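> Residue strings, one per chain:
Protein chains: 2
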Amino acid sequence: MNQVTVVGIGPGGRDQMTIKAWQTLEQSEVIVGYTVYVELIKELLPEKEYRTTPMRREEDRCRMAFEEARKGRRVAMVCSGDGGVYGMSGLMLTLGTEYPDISVEMVPGVTAALAGGALLGAPLVHDFAVISLSDLLTPWETIEKRLRCAAMADFAICIYNPASKKRADYLYRACMILLETVEPERLCGLVYQIGREKEQWEVLTLNELKDRAADMFTTVFIGNSHTKEIGGKMVTPRGYGAEKGDEHGTILPAAAGLSL
Amino acid sequence: MNQVTVVGIGPGGRDQMTIKAWQTLEQSEVIVGYTVYVELIKELLPEKEYRTTPMRREEDRCRMAFEEARKGRRVAMVCSGDGGVYGMSGLMLTLGTEYPDISVEMVPGVTAALAGGALLGAPLVHDFAVISLSDLLTPWETIEKRLRCAAMADFAICIYNPASKKRADYLYRACMILLETVEPERLCGLVYQIGREKEQWEVLTLNELKDRAADMFTTVFIGNSHTKEIGGKMVTPRGYGAEKGDEHGTILPAAAGLSL
Chain A
1 MNQVTVVGIG PGGRDQMTIK AWQTLEQSEV IVGYTVYVEL IKELLPEKEY
51 RTTPMRREED RCRMAFEEAR KGRRVAMVCS GDGGVYGMSG LMLTLGTEYP
101 DISVEMVPGV TAALAGGALL GAPLVHDFAV ISLSDLLTPW ETIEKRLRCA
151 AMADFAICIY NPASKKRADY LYRACMILLE TVEPERLCGL VYQIGREKEQ
201 WEVLTLNELK DRAADMFTTV FIGNSHTKEI GGKMVTPRGY GAEKGDEHGT
251 ILPAAAGLSL
Chain B
1 MNQVTVVGIG PGGRDQMTIK AWQTLEQSEV IVGYTVYVEL IKELLPEKEY
51 RTTPMRREED RCRMAFEEAR KGRRVAMVCS GDGGVYGMSG LMLTLGTEYP
101 DISVEMVPGV TAALAGGALL GAPLVHDFAV ISLSDLLTPW ETIEKRLRCA
151 AMADFAICIY NPASKKRADY LYRACMILLE TVEPERLCGL VYQIGREKEQ
201 WEVLTLNELK DRAADMFTTV FIGNSHTKEI GGKMVTPRGY GAEKGDEHGT
251 ILPAAAGLSL
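As they're listed, the protein sequences go chains A and B. Numbering-wise, the first sequence is residues 1 to 260 according to the numbering used here. Numbering-wise, the second sequence is residues 1 to 260 according to the numbering used here.
In short, the hints are calculated from the structure, not lab data. All figures in this text were calculated on a predicted structure; none of them were measured in a lab. It is possible that part of the hints are untrue.
[Claimed, not checked] Pulled a few chain B residues facing chain A out of the computed Cβ check, cut under 10 Å:
no., residue
1, 17
2, 34
3, 36
4, 45
5, 48
6, 129
[Stated by the list, open to error] Chain A residues, not near chain B, derived (Cβ > 10 Å throughout):
no., residue
7, 14
8, 19
9, 67
10, 145
11, 148
12, 154
13, 183
[Unchecked claim] Footprint (simulated), chain A over chain B, 3 or more residues, beta carbon under 8 Å:
no., region
14, 96-108
15, 153-160
16, 213-222
Where is the CB? At the ideal position from N, CA and C, for every residue including glycine.
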């Protein structure tokens, strides 16, 4: 049976791909993806055939992959991070019903929450929520509700797509919603251009975060009520003895004021 | 400066590690970890020196790693999945303040939410929450609150540690809490032994899920109100045109009844 493999390539460089992702790309004849990510792969595997579509042409991109597979070619659809987190896995499976002769397989990858978390320290070691601020496909009210519920649950939060040119103030808006219930000193983190040359990260307070510039290559982390700064890093404790503050600072009372 | 590297090894097999994770292990002299995960690595790299501690001896395990690094040896601390998701990253950074001569670096990996999601289809393509049911280090009331908030937010949910011998009915209890507000037909997924020989997955309803047996090698997925079954897979739409149901079924009204 012909097949398209959806490959999560991680944050960018070859060494942050899984071995299986790399092997799948090496064995592919055609690599399909969003222009920016395809450029990253092209540098590593220049001899492949590449097909790209710009942003907002995701459906065309999927159909392109299925059409190539139908010709009997080995096709990889690349996604940054993981194809299953704001990636193309869902759309590929949905459109796949129109191509019953082609199977869709997934190769998972390191999504920005994990790659960015590793740079900042350990912000997501305990329960967390992942929320995209893009309202291209999601009503803004749904995004607001999710931010409020996540704060109420005392989840650590990882925010994808915090801003774009057209949505320059969305990170500010999200921070203002969180500040309704979360203290301004809450520890946060910001990672720019994960895994790329211009990679940068910063640990800061929620109050500082609200005035930071962000773009579509920024990933944002909001700590939970226990998150603390240790040696310049952002650390959410899991509750082990040594984390309880014997000699390393004090943990706040658990999820203060939560009631449902 | 001496260094310990916290390496997320993904779900198990070598091909689901990142290239960087594999290189780090290859270049290590001592590999420290929980017994079960160390056994997986030992098969691949039998010539290394291994140090293990059982569950609940996490602090000893970390100190073991720091002591080896202090001797000038190259040390890797391995975690299943990603060290930053219910892993050792946080405890390593916390205890690291006692070993200021040793730096702690993180190599992220594919956590069970991503590896299990890829098997089930695309359950986490939109906003989601990750919740552990283990109350060893977290009060059960906090876990209950997080389940309720996640359902209220209409997050897709990924559940880690759904049960153990001592907590045999925890998955049932969690499902009963979700059933207070979520319809019994809500699409769910269950993955056993991700990345291992006995790997198995199942797509089922929340009502069916509540009576399933689970253990510490099980990962559970609860869809959001839009999640549907497509070709036997679990798919959470992101909102693209083709997913809106023109010819592929109908999406439920967005996050019905949510108000805060």
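> Does each hint fit the structure? Answer for all of them.
Going down the list of hints, with the structure as the test:
Satisfaction of the interface hint for residue 17(B) is found here, the shortest Cβ-Cβ separation to chain A being roughly 6 Å, below the 10 Å cut-off. For residue 34(B), the shortest C-beta to C-beta distance to chain A is roughly 14 Å, which exceeds 10 Å, and the interface hint is violated. With a least beta-carbon distance of about 18 Å to chain A, the hint placing residue 36(B) at the interface is violated under the 10 Å criterion. With a cut of 10 Å, the hint placing residue 45(B) at the interface with chain A is violated, because the nearest CB-to-CB distance is about 14 Å.
With its C-beta approaching chain A no nearer than about 18 Å, residue 48(B) sits outside the 10 Å limit, and its interface hint is violated. Among the interface hints, the one on residue 129(B) holds; its C-beta lies about 4 Å from the nearest C-beta in chain A, closer than the 10 Å criterion. The Cβ of residue 14(A) sits about 6 Å from the closest Cβ of chain B, inside the 10 Å cut-off, so the non-interface label is violated. Not every beta carbon of chain B lies more than 10 Å from that of residue 19(A), the smallest distance being close to 5 Å; the non-interface claim is violated.
With a least beta-carbon separation of about 15 Å from chain B, residue 67(A) lies farther than 10 Å from that chain, consistent with its non-interface assignment. Taking the minimum C-beta to C-beta distance to chain B, about 5 Å, the non-interface status of residue 145(A) is violated against the 10 Å cut. At roughly 5 Å, the least C-beta separation between residue 148(A) and chain B is not larger than 10 Å, which violates its mark as non-interface. A Cβ of chain B approaches the Cβ of residue 154(A) within 10 Å, the least distance being about 7 Å, so the stated non-interface status is violated.
The non-interface label for residue 183(A) is consistent with chain B: the shortest C-beta to C-beta separation is roughly 18 Å, beyond 10 Å. Counting residues of the region 96-108 of chain B whose C-beta lies closer than 8 Å to any C-beta of chain A gives 5; at least three are required, and the coverage claim holds. Counting residues of the region 153-160 of chain B whose C-beta lies closer than 8 Å to any C-beta of chain A gives 3; at least three are required, and the coverage claim holds. Closer than 8 Å: that is the beta-carbon criterion, and the region 213-222 of chain B has 0 residues meeting it against chain A, so the requirement of 3 is violated.
Of the numbered hints stated above, those contradicted by the structure are hints 2, 3, 4, 5, 7, 8, 10, 11, 12, 16, listed in ascending order.
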